[in-house]
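Participant: If you read the sequences in order, they're chains A and B.
Residue numbers for the first sequence follow our numbering, beginning at 287 and rising by one.
Residue numbers for the second sequence follow our numbering, beginning at 4 and rising by one.
Hint data in this document are derived by calculation from the structure and do not stem from the laboratory.
Be aware that a few hints might be false.
Said to hold, decoys possible - Far from chain A, some chain B residues (derived; all Cβ distances over 10 Å):
(1) Leu66
(2) Thr342
(3) Ser408
(4) Arg683
(5) Gly800
(6) Gln824
(7) Ala836
(8) Ala873
(9) Phe916
Stated by the list, open to error - The calculated lysine-lysine pairs, modelled on BS3-like cross-linking and capped at a C-alpha distance of 27 Å, are:
(10) Lys352(B) <-> Lys387(A)
(11) Lys573(A) <-> Lys414(B)
(12) Lys352(B) <-> Lys775(B)
In this text, all values refer to a predicted model and were calculated from it rather than measured experimentally.
Glycine included, C-beta positions come from ideal geometry on N, C-alpha and C.
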Amino acid sequence: MRNPPDRHNPFSRREFLQRCGMGMGSLGLAGLLGSPGLSNAADAANSLAARLPHFAPKAKRVIHFFLNGGPSHVDTFDPKPALAKYAGQSLPGEYLRTERKTGAAFPSPFKFQRYGQSGLEVSELFAKTAEHADDIAVIRSMYAQVPNHEPSLMLMNCGDSVQARPSVGAWVLYGLGTENQNLPGFITMCPGGYPVKDAENWQSGFLPGVYQGTFIDPQQTGKLIENIVSPHAGEAVQKRQLDLLRALNAEHQRTRIDDSRLDARIQSFELAFRMQMDATDAFDIGKEPQPIREMYGTHVHGRQTLIARRLLERGVRFVQLWHGAGQPWDHHENIEAGLRAQAGQIDQPIAALLTDLKQRGMLDETLVVWGGEFGRTPTVELGDAGKSKLGRDHNPYGFSVWMAGGGIKGGTVHGATDEFGFRAVEKRASVHDLHATILHCLGFDHEKLTYRHAGRDFRLTDVEGEVIRSVLV
Amino acid sequence: MTSPASLFSITGIVLLLTANARADEFFEKRIRPVLADRCYECHSATAKKIKGSLRVDTREGLLKGGETGPAIVPGNPEESLLITAIRYHDKELRMPPPKEELPQQLPEAEINDLVAWIKAGAMMPADSSPAAGSLRRPDAKLHWAFQPLTHPTIPATPNPDWPGNALDSFILEKLIAAGLKPSAAADKRTLIRRATFDLIGLPPAPEEVRAFIEDQSPGAFAKVVDRLLASPQYGERWARHWLDLARYSDTKGYVYGREERFFVHASSYRDWVIRAFNSDLPYDQFLLLQIAADQLAPMGSPDLAAMGFLTGGRRFLGVTHDIIDDRIDVVTRGTMALTVTCARCHDHKFDPISTRDYYSLYGVFHNAAQQLVPIGAARDAAYEKEYEVRAKKLAASMKSRREESGERLRKRLGEYLAAQFELEKYPEEGFDQLLGAADLIPASVRRWRDFLRRSDTHPIFGVWNALKKIPAADFESQAGSVLQTLSLNPLVAAAFSTPPKSMAEVAERYAGLFAGIEQQAAQADKPADPAAEALRQFLYDPLSPATVPDTEIVDNELFFPTSVCTELWALQGELDRWIIQSPAAQPHALILADREPEPNPRVFRRGSPSKPGEEVPRRFLEIAAGPNRQPFTHGSGRLEMARAIVDPANPLTARVMANRVWLYHFGTGLVRTPSDFGVRAESPSHPELLDWLAGYLIEHGWSIKSLHRLIMASAVYQQSSLEPSELSAASATADPENRLLSHFPRHRLEFEQMRDAFLAVTDELDRTVGGKPGDILSPANKRRSIYGLVDRQFLPGTFRVFDFANPDLHVAQRSETTVPQQALFFLNSGFIADRARAIAKLPGTDLERISHLYSALLQRAPTEHETAAALSFIATAEDATVPKPPESAWSYGWGEYDTIQKRIKAFSPLPYFTSDAWQGGPAWPDTQLGWAQLTAEGGHAGNDLQHAVIRRWTAPGDMTIAITGKALHEFEPGDGIRVMIVSSRQGELKSAVLHHSSAEMSVPAFEVKKGETIDFVTDYLANLNTDMFTWRPVIVASAPSISWDAKKQFTGPAMLQPLTVWEQYAQVLFLSNEFLFVD
C-alpha cells in the first residue's frame, strides 16, 4: 500500500470527475446529506475513506479488550497443575529474572474446568466467557521482551518497545479507512482516565494525526467527542449558517475549479453537521432494550462494552477497551482477591458481547482480541524482607492472549508454556506474530502494509512477524 | 503461476526490461531488496558463514552456484535451481528455509519478479558486487545528491517579459520544454496576502493592503518584503518550521513518576531559534551552535540555548541507545536529509551509509553528558541566592550518593568480576529491575564488561583477557606461559606469580589484591608504594568501572539502587520545578558537554548492545566527507562533526536547506522528500535550479533572508494561482501536479497561521515576544501560537486534528488532512464564537458593517452577490428570532434541602461548565464543591447534605405541566442517594430514596405560575460513596404545547448568550474557504 497523498490530494477534481463520470451538478452539497457515499470528491481527498485490503478479509473490525497491568495467565487461560506439586517450594530449574524478586511456586487459587466441545480449559474467573470456549483460540505461548509495563505496553500496542510508532488501531485505520465518516474510526475507552503511557498507546506515530485513536472515558457520561455540541447555536441556526457558507464557498470556487481540497473542506462541514447527531446517538445506550442492557450488566464495563458494540455496528473500525486508569491488572500482592474483583467486572460483559455479536450475525466479521501487555510469574512475589506478598510479578517470558470471531478457529490452543508457566516453550509466538495475525484477519499481508517515513518503508511488524496459522479457520 | 493475473504481470515486467537503465532499476527496486532481505544472511559476503557455498550477491556467484550446482540459468527460470527452491516444489530444497515448522516462502509477487528477472537474462548492474563488510551500494555514490554542487549557468530564455530574475529562467526553460506557459501576475491584494502569511504567518492589515495597492513605484513589493523580513513576527513564523524539524516539545514525553516531566530549557531554545531567524544568523552558524555551542560560546552565553536542538527529544525511559539514535536522526535528517539511523542494525539498504558510519556518530554522542546551565545574567538577587542553595543541595546529595555507591563498587570488585561469567543475568538497558543496596548493579556489571573487553594491555587488568582466551581444558597448562608474556604492575605480577587454575580464581585473586589496597597505599609512615598507588588510583579513576560516572542524574541514574535513583531524581525534579515556576528565574539551556575522552565506539551487531562488533573511530560519514576522511581528534569530535556538516564542500547541507526554504514558499520542494535525499528519493524537479539556489545561499553568507528576497522577487513567486482555462487543459495533461509551476500553488493555512489569523483580524492578538509557554486553547490566551505549550505526552486533540507536527518525530512537512472534526471546531468551539463576538461589535449601517467585515477578514470589498447574501441572511434571521429560547428555562446549581420546610434553602449556580457537565471547577472533584456535578442525563451528588445538586426549571408563564422521568442509582457500593422534586410555590412534589435501584419520578398534570421554579434535587443521603445517578426529567406543558427535555436542552453557559445574528454571520466568514486558503 502506498502512502496516502501528501499535501496535494491524490485526485484533482478533474481526474475525479473523469473517474466517476459525474458532472459538476451532482457534487452539490444537498446530495451529501443522504447516506454516506464513498465515491465523492470529499472522500477522494479524505484519508479516512473506506479502502480495500490486500485480499478478502475475514474480519472487518476489531475489538480489543486490554487488561492493562498484565493479567496472570496461570490463573485464567493457562492451567498449571504442576504448581500445586511444588506449592511453597522452590521450582526446579533456573529462575528467570523479572522486575522484582520472587520465591516459591504459587499454585493458582482458582479452579479450572473444561468447556464446550473443544474442552478448552478456563479458570472459574472467566466462567461466563468460557461458555463461548468453542469460539475462542488461546495463544498460550506469547512472549514479550522486558518485565516492565511501559515498554511492554508499547510493544503490544505499537510493535516497538521504545520508539514512537503507530498503534495497531492507527495502522488498521490507515489501511482500511472507516465505514462511518460520522464517527471516529478508532476509539479507545478507559474508565476513570488514562492507562500508563497515556495516549502513546493509541498514537498515530509517523502516520497522519487523523489515524490517532479518539479517547473516551465512559465514566464521564456525556464526554464524547471534542466540540460535538454547540454551546452557542442551535440546529436551525447552524443550518442557516451552512446555507450561507455553501453559497460563499461556491462563489469562491467558481474560479478555482481544479482544487479538490476546497470541495473536501466544504463537505467536511456537512459531515460534521450530521456527526453532531449520529455521535450522540451512538453513545446512548438508553436506546438499547432492557434485556440487552441487563445482559451486559450495570457496571461501567458493561456500559463501555455495550457502547463498543454500538460503535462497531455503526462501522467504527477499531475499538480498544481498557480496564481502567493506571494498571488495574497489576497484581503484585493479594492476587486472589484482586483477580476476582477485576475478572468479575469483565467476565459478564465479554460473554455478553460474544453472545450479542453472534445473535446479530456480527461475530463472523468482528475480531475479538483479549490480553494484556505480559503475564505474571508462577512464583510468588517477595516483599522487602523476603516475605510472600501473595501476588505475582511481571512475566514477559510467557503469557496468554486469546482471539475470537472473524477468521479465528474457535476451540483451539496454540503453543504452550513450560510445566510451570514461566516461559513459552512450544510454538513460541511473538507480539509481532500476533500483530501479523490480526492484520491477516483483516485482509492484510503485514509485510506489505507499509508507510514511507524517514527514508524507509515502515510496517507494524518491523522486520519480523509470522502469521499464526493454526488459530485461523 | 499461470493465472492470467500473473501472466499479465510478467508481461508488464518484460516490457519494463527493455532498456538497460530500466533493467538496473528493476533489479534495484524489485530484486535486490528481496535477495538482501531473504538470502544475504546466509548467502553473501556479509554472511557469518556462507551456507552451501552459494553466494547470491553477485551474478558470478549465482552462475557458479553452490554445492547443488548453478543457481540460475539466465533466460530459463524453469531450469534455475533458485526458482525451484523458492517455489517450495522440492521438499528437500526449500528456500528461505521453513522456521519452526512454518513456511517462510516468498510472496507470489516476489517469486514472479525473480522468474521474470531470470527470464530476461538475470542482469545485475555492472558495479554491484558488495565487498565484504563494506557498503552494499558503491554505485549509490553516483547518486545526484552526493555529487559536489555544480555551478549551473542561467539558461537563456526567449521570453524577455516574464523572467523577473534568474530563478525564472530555470523555471521557464522547463515550462517551455513541456509546452506550457506561466500564468499572469497575481493581483496586488492577493500578492500581499500571500507574502504576509508566508513570511510572518499573519494576514496583512487592511491599511497595509491599501498602501501597497496605492504604491505604484517599481520597488513596491520589495519594500513589502523588506518590511515583513524586518518584523519580529518573521522569526515567529519561520522558527516554527525549524521547530517541526527539531521535534520541539515543552515536555520530555513519558517519564517515570520520580522525574519532572517538563523541560526547563525548551522555551529558551524556541526563543533562540526565533531570534536566530530574526537576526538572520548565517545558516552555518545556526547549525554549528545547535550542535556544538558548548565549544563555541562561553558559559552563560544565550547561544547555549541552541543545543535544545539535540537535547529536546523524548527521554525514551532513559535508554541511552535510543536517546542517541534520536539525536543522530535529528541531526542527519535535519541538516543533510540523510536517513543515517537506518544503519543502526544493518548497513543502509539503499544509501551508502554503513553501520560503521552510524556507530562513528554514536560514539560522538555517547561521549557527551547533559548539563542544565543558566544563561544570561541573573536579574534577581534573591532568586540567585535561593538557586545556589538548591543547586548545592542537589550537588551535595549527588556527591555523597556517588561516594556511597562507589564504596560498594570498590568493596565488591571481586563480585563484579565474577558476574562477568554470567552476563546473561544482567540484561541491557531497558530491562528494568528494582535494585536494592545488596544487588549488583547491572549498569556497573556492563561497565566492567566493556572495560575488560578493551584491557588487553592494561597494566592491571591485562591478565584478564590474556587468560580468558585460553580454552578451559588447557587453562592450567597454558596459564603460566601466557602470564609471562605480559607486562604488569608489580603487585599484579606478584599476585599472579603462580598460575591460577580457572578464571574464577582470577577473579578471586583480583578481589584479594584490591582488598587491602587503600590501607596499604595510605600508610602514613611510609612513602607511597607506586604500584599500590596505581591500584588505588584505578579505584577512583572517573573512567574506571569501580566508580559512578560524575554526571547529572539523567546520565548516571542506572548506577544507583532504585531508591537512591528515585531520591536523586526527586531532588533534581524539585530544582527543575522551582526554576520553571519562579517568575524571576533566569533562562536555562540544556547542553551536551564532552566527557573525559572515551575509547572508540564499537559497532553493535544487529543494533544489539550485547553484541559489540568491530571498533570504529569517531569520524564523519564517508558519503559526505570522502573515503580519506580522518578520525576526529578533538574530544568527542562533535564540533568537528558540526563543521563537516556546514563545510561548503559537503554536497548536502546547502542543497537541503535551499530545498526547505523553497518548500515553505511553494508548498512542495524541488525535491519532494525534503528530509531524504537518498537513493530512493525522487530526483529534483529542477536539479540545476536547486544547485544554483544552494550556491546562492553559500555565496550570500548563508543568509536565509537573502534567499527569501531572491525567491519572492521572482515572477514565478508572484504569479497568479488561478490558471486561465485555456492554459489549464494543457498543464493538466503535461504537468498535473504543477511541479513545473505554471501557476502558484494555493496553500491552506496551517494550524498556527489559522489561529493567529483569527486573533489578528479581530485585533485581539497579543504580540508579546518570547517567554514561557501557555495553553493556547484557553480562552484567555491570545498570544501567538508558537508560544503555545507543546506537551508531547498530552497533545490536545485539536492540535492533532489540524495536522500539527508530531513532537516525537522530525517532521519535514506536515500532512494536510480534511476531516469533520476540523469542521466541528469551526462550528462549535468557543474559540471561533468568541472571535465572531469580538469582531461583530460594529457601529454603522448594515452595508458598512458588511464591508468592514470583508475588509478585516479577507482584505477586500464584498461583491454585490456577497452583500446581497449577507443582507438576506441578516434579514431572515431576524424574522426567525424567537423571543426566548425554551432551553433557557433550565439552570444548574447546588444548595441544601430543608427536610422540615420541604424547601430549598438557597440555590447557587454551579460555576463551571466542562462542555459536558456543570461542576465546581475544571478539576473534578473540585476543592470547594467536591463531587457535585450535573450532566445531560444525571450527575453526582455533592459531598454533604449542604451540597445537594439541583437541576432547576423556571416556568416561562402560567401553564399546566406534567413531569416524567426515571431516577436511577446504578451501583451497589455505598448507601445510595435521595431524590426530590420541589416546587418553589407548592413544596415537595415527590421524593424517593435510591440504592442500586430506580424510581419513576412522575408528577401528573398541575398548574404552575410564571417564575415558579421546579427543582430536581439529589443529595447523598448519609455517606459519600458512589453517589452518581441518572435522571433525565421531561416537562410537558399542555397549553401551549411545548416540552422541555433535560437532556436535549442541556447546555453550557454560552447558550445563555447565543450568538447574535451578526455574530452568526461573522462566524460564517471565518468558516469560509477564502479565509483558510491563500491564493
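Participant: Which of the listed hints are broken here?
Facilitator: 2, 4, 5, 6, 7, 8, 9, 10, 11, 12
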